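Line order of the protein sequences matches chains V and Z. So that you can map any letter, position 39 of the first sequence is 69 in the numbering used here, and since no number is skipped, the others follow by simple counting. So that you can map any letter, position 81 of the second sequence is 87 in the numbering used here, and since no number is skipped, the others follow by simple counting.
Derived by calculation from the structure, the hints in this document are not laboratory data. Just so you know, not all the hints are guaranteed correct.
[What the hints assert, rightly or not] Below 20 Å or equal to it, Euclidean Cα-Cα: the simulated EDC-like pairs (lysine to aspartate or glutamate) are:
(1) V/95 <-> Z/83
(2) V/287 <-> V/149
(3) V/118 <-> Z/60
(4) V/87 <-> Z/263
(5) V/150 <-> V/286
(6) Z/173 <-> Z/83
(7) V/221 <-> V/141
(8) Z/171 <-> Z/120
(9) Z/112 <-> V/96
(10) V/95 <-> Z/55
(11) Z/233 <-> V/256
(12) Z/245 <-> Z/275
(13) Z/106 <-> V/270
(14) V/87 <-> Z/292
(15) Z/298 <-> Z/217
(16) V/95 <-> Z/84
(17) V/282 <-> V/187
All of these numbers come straight from a predicted model, not from anything done at the bench.
Residues per chain are reported as follows:
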Amino acid sequence: MLILKFCFCFCPKKTLTSNTQVNAVLMKKKCCISIFIFIFIASCELPYQPQSVQFTKYRVGLPHKEDTSMRAFLQPISDSVQKRIQVKIATTDVALQKKQPEGALGNVLADALLESASEKLNVRIDAAFLNPGGIRKAVLLRGPVTIGDMYEVMPFDNRIVLQEVRGAVLQDFLDFTAVRGGWPLAGLTMKIKSNRATNVMIGGKALMKNGVYRIVNSDYIVNGGEHCSILKELPSTVSDYLVRDAFIDYFKTRGEKGEKIFAQSEGRVSYVQ
Amino acid sequence: MFNRRQFIRQSLLITGGIIASPCITVADDSESLQTLTVLHTNDVHSRLEPFPMDGTRNAGLGGVVARAALINSIREEEAQVLLLDAGDIFQGTPYFNFYKGEPEIKAMSKMNYDAVTMGNHDFDAGIENYSAQLQYANFPVLLCNYDFSNTALEHRYLPYKIFRKGKLKVGVTGVGIALQGLVSETLYGNTRYLDPIEQLNSVAAMLKKKEGCDMIICLSHLGYRYKEQNKICDEILAKESEYVDLIIGGHTHTFMEQPVTYKNKLGADVIVNQVGWGGVILGRLDFVFGKKKSKNLVDTHTVVIGEKSKE
Numbered sequence: 031m032l033i034l035k036f037c038f039c040f041c042p043k044k045t046l047t048s049n050t051q052v053n054a055v056l057m058k059k060k061c062c063i064s065i066f067i068f069i070f071i072a073s074c075e076l077p078y079q080p081q082s083v084q085f086t087k088y089r090v091g092l093p094h095k096e097d098t099s100m101r102a103f104l105q106p107i108s109d110s111v112q113k114r115i116q117v118k119i120a121t122t123d124v125a126l127q128k129k130q131p132e133g134a135l136g137n138v139l140a141d142a143l144l145e146s147a148s149e150k151l152n153v154r155i156d157a158a159f160l161n162p163g164g165i166r167k168a169v170l171l172r173g174p175v176t177i178g179d180m181y182e183v184m185p186f187d188n189r190i191v192l193q194e195v196r197g198a199v200l201q202d203f204l205d206f207t208a209v210r211g212g213w214p215l216a217g218l219t220m221k222i223k224s225n226r227a228t229n230v231m232i233g234g235k236a237l238m239k240n241g242v243y244r245i246v247n248s249d250y251i252v253n254g255g256e257h258c259s260i261l262k263e264l265p266s267t268v269s270d271y272l273v274r275d276a277f278i279d280y281f282k283t284r285g286e287k288g289e290k291i292f293a294q295s296e297g298r299v300s301y302v303q
Numbered sequence: 007m008f009n010r011r012q013f014i015r016q017s018l019l020i021t022g023g024i025i026a027s028p029c030i031t032v033a034d035d036s037e038s039l040q041t042l043t044v045l046h047t048n049d050v051h052s053r054l055e056p057f058p059m060d061g062t063r064n065a066g067l068g069g070v071v072a073r074a075a076l077i078n079s080i081r082e083e084e085a086q087v088l089l090l091d092a093g094d095i096f097q098g099t100p101y102f103n104f105y106k107g108e109p110e111i112k113a114m115s116k117m118n119y120d121a122v123t124m125g126n127h128d129f130d131a132g133i134e135n136y137s138a139q140l141q142y143a144n145f146p147v148l149l150c151n152y153d154f155s156n157t158a159l160e161h162r163y164l165p166y167k168i169f170r171k172g173k174l175k176v177g178v179t180g181v182g183i184a185l186q187g188l189v190s191e192t193l194y195g196n197t198r199y200l201d202p203i204e205q206l207n208s209v210a211a212m213l214k215k216k217e218g219c220d221m222i223i224c225l226s227h228l229g230y231r232y233k234e235q236n237k238i239c240d241e242i243l244a245k246e247s248e249y250v251d252l253i254i255g256g257h258t259h260t261f262m263e264q265p266v267t268y269k270n271k272l273g274a275d276v277i278v279n280q281v282g283w284g285g286v287i288l289g290r291l292d293f294v295f296g297k298k299k300s301k302n303l304v305d306t307h308t309v310v311i312g313e314k315s316k317e
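Chain Z on its own, in the form it takes in the complex:
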């Protein structure tokens, strides 16, 4: 039997571990606080060159040469970066008519995009063409609400992907818009559109509960919001979603003044952002992460938004 002295010694040893151990996670901020820089574009529409200098609002802005320089300069300062695009990479300039998207995909690969989702115009030269251009992509196409069975994309897309950034596990997925009436059937072929809310929530629950992701991002080409109140959009998706932290939107070409926070179905914050079109704006969101206070998945945590001061 252990005597009292041994017990105290044991307890002390363990208690020491208990008190000291959090010191490495709590007292040292660099260990407990994790950061993630999300860079994003949407609806670039084959704008490989800047907008022409014709005196209009976007004249001289955009272009992959300037975007690559900007992204590289951010990567020099930040270690944990995710570069994402919310679709409609194709269509809008003669580059697409002449080259069918090859230079767009190659340029994005050179910039090391981490993931994209598909927009309706990405079908414009046919689903077979999109699939063929993906041979030049070093990033995945993420979609959870299109069934691509018996299409050229069947084995060329992923429903989601998990990225490890430092100590963080970030799950990324994507949702696409209803194609009927928007894209010729001859172009999307056997692609089946599935309910984005159901599909997203099912993937997000799996990423959160089974994979233990610390953050879930959804790339969306549904559009920010519409006059028709019941038409599915990012605003509705955000409110009806579960476990999703961030929705990077597209399709409506909305130049959002700043990211907007909604309460999701579980009462937690979900942020929606979209940066216009044509590659005029690169969006940047610098997230700071802390340890959760409880293991309860259904928490109602809030995320504080602020504008980064200009350097």
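Isolated chain V, as found in the complex:
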């Protein structure tokens, strides 16, 4: 073995190939050796492959270590963000929960959308809708509400879209929300029966197929989000008014008056057999 290793010292890989070629010419009859060499050279080029893996899950921040360079980068940005979001705008009287088919948080947010949009766009609006997937906080705790809370509730910069739709289209849209377990809404009440919206009362009257209704949604839904294709092709007014700003304005108005925010489930959407 020692001798063989010694041999290798004088026969590095680079010259091995040329030796092999020379050898192959000279030793035609000894082809078995050539094959052996060929196999060897081929084996040198074998690729790597994963054989084993060990996994680790680090809970980031435990133990808490700080990267000073990253802290220096983040601090001024963080200070600026905190300054903007720590502003208190209102107080809630109860914890507002997100629930389906109906919940206190969804109700107050839909009311906010309807009221703020009516004022901002200066039109009477019959009904306002929110998709539950767009409300990103499960509960707004009792007590002070900040701008930051509103960003957590509605992180998306969705715009408010106003549409005039026929009663039949509105019925289709309500059926669509019924299939999805009931959506936060304001301006109407309905019952869900076998995946359909029934007993729809809008402005205190039963929904009329041939009536025309003014509704507001987020641009996300109108543009086909949640696979909603019902409102997409219909005429619409896309405002620059963000859904979140509508919430903030509603809460602010009450905060400034010293009114506490109160909401509860009140039977806007419920299941019937």
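Since chain V is already given, all that's left is putting chain Z on it; use the hints.
Relative to the frame of chain V, chain Z by itself:
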């Protein structure tokens, strides 16, 4: 003509080379065994700061300051590291509303991410905005199943990238989720979604056969799995894939207990992992590589998984 003595001498010389040569690759483990440490995140959703201390499950966890410190400490111990993200870097905190993703991309560049793929929420301020924020990125965006022709991203993404780590050649690509119904068309513009299985297998075959990659990683924003059994997800992608060794997933915010191994279409192991969301968890996978036993590409090799003991 050579005589017998010359022949023996020649043979001995060559045989010596044959026997001795593998000694440098086989007998010496440091040469034959290669390691790769894959660090990964997904769905960080603009969580630059830790979750607030409000008594909820993730309170105090995450944040780029702590993540950077952790990554740096791992880099001090491991030479061959790949740091990857499976998309949805954007959206979820006011940082994104106010700065449109610039601090997120800058922070990831500071941490030296090697590659990312795109999530649906990365389109949230428009494809033009995402493209503009990439001016702050020192890492590529990898996607093989979006056709970005005639979009702002047309020249700002790569279908795959090959990384050389020591003696290893690692091919990395990415797959994105179907955008219709999930993202407003006004935001994704002319982006065309292509079949992820077809596109991935075509890129993976090329990386394996033409480029000779030792490992292929796919960053995926398809989601781990769904109630709808036929909806494309990482589980289906893994089973239908060829030549892919690892799928780093996202979108479903799944906190996986441990990585899961599937048999791919050729009978070889493919590992899927995903680490929740919000940057709460940093995933780490330490791979050990050995030389393949044959040149046959269609092998059915297995990869042994174990949990790294806490240090």
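Here's how the hints hold up against the structure:
Restraint check: the Cα-Cα separation between residue 95 of chain V and residue 83 of chain Z comes to about 17 Å, which is no more than 20 Å; the hinted pair holds. With a C-alpha separation of about 17 Å, the suggested pairing of residue 287 of chain V with residue 149 of chain V holds against the 20 Å cut-off. Note on residue 118 of chain V and residue 60 of chain Z: the hinted pairing holds, with a Cα-Cα distance of about 17 Å set against a maximum of 20 Å. A distance of roughly 9 Å separates the Cα atoms of residue 87 of chain V and residue 263 of chain Z; the hinted pair therefore holds under the 20 Å criterion.
A hinted pair counts as satisfied when its Cα atoms are at most 20 Å apart, and residue 150 of chain V with residue 286 of chain V qualifies at roughly 18 Å. Restraint check for residue 173 of chain Z and residue 83 of chain Z: satisfied, since their Cα atoms lie roughly 18 Å apart, inside the 20 Å limit. For the hint pairing residue 221 of chain V with residue 141 of chain V, the CA-to-CA distance comes to about 19 Å; that is within 20 Å, so the pair holds. As the CA atoms of residue 171 of chain Z and residue 120 of chain Z are separated by approximately 12 Å, the hinted pair is consistent with the 20 Å bound.
Note on residue 112 of chain Z and residue 96 of chain V: the hinted pairing holds, with a Cα-Cα distance of about 17 Å set against a maximum of 20 Å. Note on residue 95 of chain V and residue 55 of chain Z: the hinted pairing holds, with a Cα-Cα distance of about 14 Å set against a maximum of 20 Å. A threshold of 20 Å between alpha carbons decides the hint, and for residue 233 of chain Z with residue 256 of chain V the separation of about 16 Å falls inside it, so the pair holds. This hinted pair checks out: residue 245 of chain Z and residue 275 of chain Z have alpha carbons roughly 9 Å apart, not beyond 20 Å.
The straight-line distance between the Cα atoms of residue 106 of chain Z and residue 270 of chain V is roughly 17 Å, inside the 20 Å bound, and the hint therefore holds. Straight-line distance between C-alpha atoms of residue 87 of chain V and residue 292 of chain Z comes to about 12 Å, which keeps the hinted pair within the 20 Å bound. The straight-line distance between the Cα atoms of residue 298 of chain Z and residue 217 of chain Z is roughly 16 Å, inside the 20 Å bound, and the hint therefore holds. Taking the CA atoms of residue 95 of chain V and residue 84 of chain Z, the gap is near 19 Å; set against the 20 Å cutoff, the hint holds.
At most 20 Å may separate the alpha-carbon atoms for a hinted pair to count; residue 282 of chain V and residue 187 of chain V meet this at roughly 19 Å.
The structure meets every hint from the earlier list without exception.
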